[in-house]
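Student: Residues per chain are reported as follows:
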Amino acid sequence: MKNDIAITPELVAQHGLKPDEYQRILDLIGRTPTFTELGIFSAMWNEHCSYKSSRLHLKTLPTKAPWVIQGPGENAGVIDIGDGMACIFKMESHNHPSFIEPYQGATTGVGGILRDVFTMGARPIACLNALRFGDPSHPKVHHLVSGVVAGIGGYGNSFGVPTVGGQTGFHTRYDGNNLVNAMAVGIAKADEIFYAKATGVGNPIVYLGSKTGRDGIHGATMASAEFDDASEEKRPTVQVGDPFAEKLLLEACLELMRTGSVIAIQDMGAAGLTCSAVEMGAKGDLGIELDLEKVPCREEGMSAYEMMLSESQERMLMVLDPAREKEAEAIFRKWGLDFAVIGKTTDTLRFVVKHHGEVMADLPIKELGDEAPLYDRPWVETPRQQRIAAETITPPMNNADALKKLVATPDLCSKRWIWEQYDHLILGNTVAAPGGDAAIVRVEDGPKGLALTADVTPRYCEADPFEGGKQAVAEAWRNITAVGGQPLALTDNLNFGNPERPEIMGQFVGCIKGIGEAARALDFPIVSGNVSLYNETNGRGILPTPTIGGVGTVKDVEVHAVAAFRKDGDVILLIGDTQGWLGQSVWLRDICGREEGAPPPVDLAAERRNGDFVRGLIQAKRTASVHDCSDGGLGIALAEMAMASGKGATIETLPANMPAHAALFGEDQARYVVAVAASDANAILAEAKAAGVPALRLGLVGGTALTLPGEAPISVAELKTAHEGWLPTYMAAQAGN
Amino acid sequence: MKAAVVVFPGSNREGDVIRALHQATGHAPQKIWHADHELPQGTDLVVLPGGFSYGDYLRCGAIAGRAAIMDAVRAHAAKGGLVLGICNGFQILVESGLLPGVLMRNAGLKFICKMQHLKVGRTDTAFTSAYTDGQVIKVAIAHGEGNYIADEETLKRLEGENRVAFRYCDAQGKLGGDANPNGSLNDIAGIYSDRLNVLGMMPHPENLIEHLVGGIDGRGLFDSLAKARAA
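Line by line, the protein sequences give chains G and B.
For the first sequence, my numbering gives the first residue as 1, with consecutive numbering after it.
For the second sequence, my numbering gives the first residue as 1, with consecutive numbering after it.
What the hints contain is simulated information worked out from the structure, not anything from laboratory work.
A few of these clues could be false.
Residues on chain G that point at chain B, a partial pick, calculated with CB under 8 angstroms [stated by the list, open to error]:
| id | residue |
| --- | --- |
| 1 | 29 |
| 2 | 243 |
| 3 | 244 |
| 4 | 247 |
| 5 | 336 |
| 6 | 394 |
| 7 | 422 |
| 8 | 425 |
| 9 | 427 |
| 10 | 556 |
These stretches of chain G come out as covered by chain B in the derived footprint (C-beta under 8 angstroms, 3 or more residues) [unchecked claim]:
| id | region |
| --- | --- |
| 11 | 428 to 438 |
| 12 | 495 to 507 |
Beta carbons: idealized from backbone N, C-alpha and C, even for Gly.
With the rest of the complex left out, here is chain G (with noise of 0.2 angstroms):
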């Protein structure tokens, strides 16, 4: 075995392993590891690769159900939506490389969840993304959310897949680490989805697409430790991606597929080719040899260590059926691409990695991931809040003049300004487009469509991790609700601070407990997702932000629901219960400056019963608008569905038995608001009743005014110019600095 370089604790240190984690690789193997060797430990058993402070407690969450073709545990997950097809999606963090180089960090992190998905054999069909900042005030935030919108739309635009939804918000507690969640979403047949665990002895193992450098080399061993002043320094560590190289990759290795010579196929993430290449013999229980001289390299001299852990994007690792090798190639030179046969599936177990013919590697290739380290950190649960009585609250200025102030805050504003650098609309298929509750596309001709979502509350997890985690499913699943849809699956993408501080774990351990007991509750498993930890910057951690990337299907896309009102005199109502829940509300925050309280609790049986009843009013036909509640309650509900179509409304009753400013603003779940013909009304209400639905007659659409009991009349016009204006005006002001 050959090795030139000593392997002294500094240099275990700065691999990102503890002592008691070499101590395991010692004991694992025997022997002192090789620089290489040491390397690929590091790639493998980094938080990011190995999970291995969130592995116990993800165990625990619901995964299965009739529909789930694949769970996590590989590139993406796979459900059932009928008819013979299946949608593959997942949703991925590249939270540090895109606070250090934000085109780039968004870029590629668009490009790798894209990866995942078409690994699997789909074409993807739609992109989410949800989108962390700091406080807007903090000087590098303009920076940042300029970097970051025109990466994902520089990916995602030239890539051809169309951006249609997601979630922005601002907070100081992100100032020093934002977060970029990308999700990807792609269908295929049912019965032809492609996985990584390579089959057969002998078989070649082929390297396809870019060509490898020596950027990202650690990428994901940064990506597993805390940010400080000197961070920035990292940026060679951050990859660049290059849409163009992975559209050719898409359709070549779509081209492949068809031709039924691909055993396995996985691709070049986070760790390169040491975990592609270990995934897929160590899920086919067969060893792996690689030969590194045969690796397509962008520059010259690269060592086996480089290559190893090289993070260069739009690379794919594939299995093949040997007698298919020429038809394989002529089809990747076709497009342009690398095709290079770099090693052999073995019967040894073994991962042996040769360069310049010495062995530069040689490790028994299923302990390199089933014996990472696997920790149960301790953890102490947050501190319950008290419940906030709107009583003893008083209003600092009338709900009119609250109303308006809160469509221009910068969490509640219009992201028209980000959605609009994506293109929404290609493909055709784009049904509902960003600014509604779920984005619906079409599959394909029809009549079938996906209603997917991006949610999370953050400030509610910090306050509560259990009903915060409770809530960001419940919120993914209402908003598919909202437009019709049935919700059939979750991707979740768990950003947290550093997982070694007891408190930090306690949210982690609390949110996995909510969304899983939601995620039960609801039919709504998880089939994939992500976890990003060590979101800190200076041992400051982000507010606890697992993000819930949801899926369902809309039966036939001619019927579903939007948010705008559209026919003066249709009836208002407001389904579900009221309790004026003002505990970490928008509205407590932004107009009376004050963070606290306990969040609003969900009830799940209240959340699928509401749910059901207002998806059955759709799949009816009997809605004209719908739209859930959620940030800001019924009021921000309600001036949302008026200036979506610049219709207004006459509220002539609110829920009773509380102040005014809890009714428009408390936070309470499981609610929506619903417009329908006079008509039908009295039926709906009727109906609402015998199913134990609360749901309430508010009042009536028309004129161009919203107006609320009791204050003056708000014009809708204005209140869509303040809705519109904040971040234009927001990004245009700091550009000029």
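Given chain G's structure and the hints, the job is docking chain B onto it.
Tutor: For chain B alone, kept in the frame of chain G given last:
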């Protein structure tokens, strides 16, 4: 109408335009690979679709404009054959010398995807006969480099010869100001060649062919083309 859609590496709206042509003509057009040297026998219309050919590296459309198939496209145009370039296709037409002018980065320096109103110019061409003179239509735009620039003489010629096919406008048909999304001179969204057989345009009529997905204002262009063959 026998149509051929050229696929360059990085084309990504070929499926969208194929769907629109299929809807209008009743049959699917043929896909042509960029490295081919000939168009299929009897091709009436060549379409250069939207996308990011060659990643838009170097300059949008510059590499595709020199692709092998472009000699055949130029010969087809020279014979009076119809050529339609949409978005990246327009950029390629300009780079290949089939249309004058250049498409620069949007004035706002950002990629823009949104619904946009256009005013239809003349309606006596193969591309627009299904529209009415001065009709205002709503289609999609999705580009980062659609800012049409040409020297004064070229502009004068385009205007003098009535070769501006579409102009950006607002819902009422008013030109200029905020209705122009990218800074194009004279609000130009699309232009014809001197013989009116080549049309390049930045907006995407192929994405506006269904009520369910934004509306049907883009159908007129494809219906016109379908009729052009019949005539």
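Student: If a hint holds in the structure, say so; if it does not, say that too.
Tutor: Taking the hints in turn, this is what the structure says about them:
With a cut of 8 angstroms, the hint placing residue 29 of chain G at the interface with chain B is violated, because the nearest CB-to-CB distance is about 44 angstroms. Taking 8 angstroms as the C-beta contact cut-off toward chain B, the hint placing residue 243 of chain G at the interface holds, the least distance being around 7 angstroms. For residue 244 of chain G, the shortest C-beta to C-beta distance to chain B is roughly 3 angstroms, which falls under 8 angstroms, so the interface hint holds. Taking 8 angstroms as the C-beta cut-off, the interface hint given for residue 247 of chain G holds, the closest approach to chain B being about 6 angstroms.
Residue-level restraint check for residue 336 of chain G holds (minimum Cβ-Cβ distance to chain B is 6 angstroms; threshold 8 angstroms). Restraint check, residue 394 of chain G versus chain B: the minimum CB separation of about 42 angstroms is more than 8 angstroms; hint violated. With a least beta-carbon distance of about 6 angstroms to chain B, the hint placing residue 422 of chain G at the interface is held under the 8 angstroms criterion. Look at residue 425 of chain G: its Cβ gets to within about 5 angstroms of chain B, closer than 8 angstroms, so that hint holds up.
A distance limit of 8 angstroms between C-beta atoms decides the matter here; for residue 427 of chain G the minimum to chain B is near 6 angstroms, and the interface restraint holds. The beta carbon of residue 556 of chain G comes no nearer than 10 angstroms to any beta carbon in chain B, farther than 8 angstroms, and the hint placing it at the interface is violated. With a cut-off of 8 angstroms between beta carbons, the region 428 to 438 of chain G has 4 residues touching chain B; three or more are needed, and the interface restraint holds. Figure legend: the region 495 to 507 of chain G, annotated as covered by chain B; annotation inconsistent (0 residues with Cβ-Cβ distances under 8 angstroms, at least 3 required).
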